[in-house]
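Colleague: So the protein sequences, as listed, match chains A and C.
Mapping the first sequence onto our numbering, position 31 (from 1) lands on 31, and the numbers just tick up by one.
Mapping the second sequence onto our numbering, position 243 (from 1) lands on 243, and the numbers just tick up by one.
There's no promise every hint is true.
Keeping only pairs whose Cα atoms sit at most 30 angstroms apart, straight-line, the calculated DSBU-like set for lysine-lysine is [said to hold, decoys possible]:
1. Lys541(C) x Lys209(A)
2. Lys58(C) x Lys121(C)
3. Lys121(C) x Lys72(C)
4. Lys178(C) x Lys541(C)
5. Lys58(C) x Lys506(C)
6. Lys137(A) x Lys82(A)
7. Lys58(C) x Lys209(A)
8. Lys52(A) x Lys82(A)
9. Lys506(C) x Lys252(A)
Simulated from the structure, these hints should not be mistaken for lab results.
Note that the coordinates shown come from a computational prediction; the quantities given were computed from them, not determined experimentally.
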Amino acid sequence: MSEIVLVTDSTADIPSEIRERLGIEMVPLQVLFGEESYLDNVTLSPAQFFEKLKGFGGMPKTSQPSPNDFLAVFQRLIAERKTVISVHLSSAFSGTYQSALIAQSMLEGEGDVTVIDSKSASYGYGMLVVKSAELAKQGASKAEIVAEIARLRREMRLYFLVDTLEYLQRGGRIGKAAALFGTLLNIKPILTIGGDGVIYPVDKVRGQKRAFARIIELIEADFGAGPIDLIAVDTPGDTQAADELIEVLKGKFGVRQFHRSEIGSVVGAHTGPGTVGIFVLPAGSV
Amino acid sequence: MRNLNGTDWSAMVLTGAERLSHNAELINALNVFPVPDGDTGTNMNLTMSAGVAELKNKPSEEIGRAAEVLSKGLLMGARGNSGVILSQLFRGFARAVAGQRELGVSGFAAALQQGVDTAYKAVVKPVEGTILTVAREAARHGLAISRKTEDLIEWMTEVHAKAAETLARTPDMLPVLKQVGVVDSGGQGLVFLYEGFVQYLTVAWPGNAGTSAYPAFASSAAPFAAQAPVAPATAAATAAAASAPPSRAAAQSKLATESIRFPYDMEFFIRRPSANAPFPEAAFRKALERDGDSIILIADDDIVKVHVHSRRPGDVLNAALTYGELTNFHILNMQDQHRDLLRPETESGKPAASIYAEEPEALGIEAASGIPPLTEAFAGEASAPPAEEAHPLAHEMAPFGVVAVSVGEGNAELFRSLGVDVIISGGQSMNPSTEDLMQAIQSLAAEHIFVLPNNPNILLAAKQAQELAERPVTVVPTRSIPQGMAAMLVFQEEQTAAFNEDRMGKAIERVLSGSVTQAVRDTVMDGVEIRGGQHIGILDKKIVAAADSVVEATRALLSQMMSSGEETVMVLGGADANETDTQDVLAWLAERYPDAEVESHAGGQPLYPYLILVEQ
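Kindly produce the complete structure, drawing on both the sequences and the hints.
Modeller: Listed below in structure tokens is the structure:
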């Protein structure tokens, strides 16, 4: 049986040292500040991105990798006789998954490449990629890994808070939360990504404290008192809200595994600064 | 002496409506709260005006038909609690006289009684010492004496006297009246109405062949004015004028001068250049005051709404032009309007909210007195269009539509941003009618409509609209604008109506709603001693603070609203709030309650410099 290699894109927000340790291949998306273009998580770190965003008046643009970018990676891995599982950002947000699918079709049956739409974003699915890479190292089969990714995605609950819905709105990724846009009051919409990979509003509350309290209620409804595995992402340089939320969650639920990462350029360009995301799984999942 | 036919009865009702209209301001001044609360006189007047407008459009010689027409008009025009009760009194009356051509004493007495029965049934918790008591005692007395006399003039005079006597006793029945030292305002309105009935019968009724024992109209307003020792001097003066002997010529000449003083009713917007300095509201108001009245200015960032009655519309427009571009003109010659309405073929079908179509004086064909104007201040407020904007979906029905009553551009914007589809202008100073609410409900292409009255005085009208509506309507019993916002904050479009009703109901129970306003007279309320002119802080319904400055009163109110210090606070600045005061209050909040989450918006509401929402 040939070795399984995980391929993902830069929106999985997997810290580079973990990627390198597990041999996860990453194809970057591009971020464009006007004429300047950068490779997400390659030539522009999350911290650099948010620093640039502060000084930039408009909205940075992002662009998906071309099918050729994926084809080159796939062909290299196939030449090394590897089996490829390629997991990507929700197809509702980006054409990245589409590019990977086209690349796969360009192989015309050569090699073993499976392309998966994570229906999720950031380290929420990045963690599934990490978990899959670990399973591959332990000798799990392709079918087992693909099934595990699907199962974890079903069991995962994710909630995220944005400072403003403006970025999601202007970037066209607001999904079903559109109804909340334009609210003049200090409302913290609690958002999620549905099984269809689209953003949904879960609730709206006023103020951060109430938002945290509501998130706890939501987690309790699904996981009781725990224990849970917790994954959190936040904005580099603006971690106070996330720190507080993590502390509250650790105090409230027995957190077995805890992973944290930073929101990268592409996800950040669509959610804006101050975004906090948490992903919850039953204990022992990751 | 003959009986009353439909024409007589209609003319009698018109005279009564005139008495009410003429005294609307006095009735307003009798409000039991030392704040400009409720506007009973305005509400009763507007309700009655809607009724008589209908009566004039569909005159009938048959009393049964005429009463039915009036009843329908009143029901649609009903505003405020007293207005709704008034509409119920006449609804019962109309049922009693259905099918009858004429009315004698016994029929009249029975109809009054049925009106009272209907009104009592309509009110969830009847309170004694109000218009209900006055109506009931008068009707009971009318029934009792109907066995002794067939003289309609004598009978109506007795009924009116009983109403007046009962009114004088209302402070003994309702402690809040005694505390403030006034008689009940709604009851006073009814007494004026009955006074008009007597006036018509004695002075103008063709059936009065001089055989009645009561040939002359007996004045009756004076005793009630005396019952209101702390009412403002202007109201007392009005009352004195009202109690003067009814010399027709004197009344007419007096009213004529008043009504033609500022004949041009103007409404328009000034669109301001965006990067300009703040609109100099005070200066512009002063300029308008030199030759006009009924001035209403609503200044937003880039738009100023202007309403004024003026003698020289050109001067007003020239003055306004210096501040920006002018749009949406609406200029009426009120004298013309008035003459048009006197003609019987006046176009029908005008919306009930258009005050000019309804002025009872225009309908006083055979009325005994002259043509008193509606109190101009109210005419001004009422001429604002009730429903500002609707967003009906072109094709598909939305699951929900939301109608909210609110005042102030900023508050309207906040409500819209929370998902309210139609904002009806209204609140303390102007209660929208059942029909206004109905129109708003019907303008929405939605399966289920939520209505947020945002004022206790609009709740009954909202419930009436709910009953009349053909689609399911949920009235969320919000008592204030902050409560309305709290309700909208938890509204979830994707959930069911029952879920939302429950959630919104719980949300308004959970929050505290406060307001800061200015007392209009000295009084003691809720154990707080208040001097006229002081600012007072009201927590839900209770006065909890009184202070000389608005900032002090606001701080004192906030101290009572905060408990853990971790609350979420929303401060809505009114039209009269100045930025320095607002910053002062916010800085104080930040220092005293560092853990609270505070936000502040320009609400733009009149009369209340601050409205406050506190969530635990």
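Colleague: Work down the list of hints and note, for each, if the structure agrees.
Modeller: Quick rundown of the hints versus the structure:
A distance of roughly 29 angstroms separates the Cα atoms of Lys541(C) and Lys209(A); the hinted pair therefore holds under the 30 angstroms criterion. Distance hint between Lys58(C) and Lys121(C) is fulfilled; the C-alpha atoms sit about 28 angstroms from each other, no more than 30 angstroms. At roughly 18 angstroms between alpha-carbon atoms, Lys121(C) and Lys72(C) fall within 30 angstroms of each other, so this suggested pair holds. Taking the CA atoms of Lys178(C) and Lys541(C), the gap is about 18 angstroms. The hint holds against a cut of 30 angstroms.
Restraint check: the Cα-Cα separation between Lys58(C) and Lys506(C) comes to about 46 angstroms, which exceeds 30 angstroms; the hinted pair is violated. The straight-line distance between the Cα atoms of Lys137(A) and Lys82(A) is roughly 13 angstroms, inside the 30 angstroms bound, and the hint therefore holds. With a C-alpha separation of about 61 angstroms, the suggested pair Lys58(C) and Lys209(A) falls outside the 30 angstroms cut-off, and the hint is violated. Restraint check for Lys52(A) and Lys82(A): the C-alpha separation of about 38 angstroms exceeds 30 angstroms, so the hint is violated.
Distance restraint check for Lys506(C) and Lys252(A): the Cα-Cα separation of roughly 26 angstroms lies within the 30 angstroms cut-off, and the hinted pair is therefore satisfied.
In summary, the structure is inconsistent with hints 5, 7, 8 from the numbered list given earlier, while agreeing with the others.
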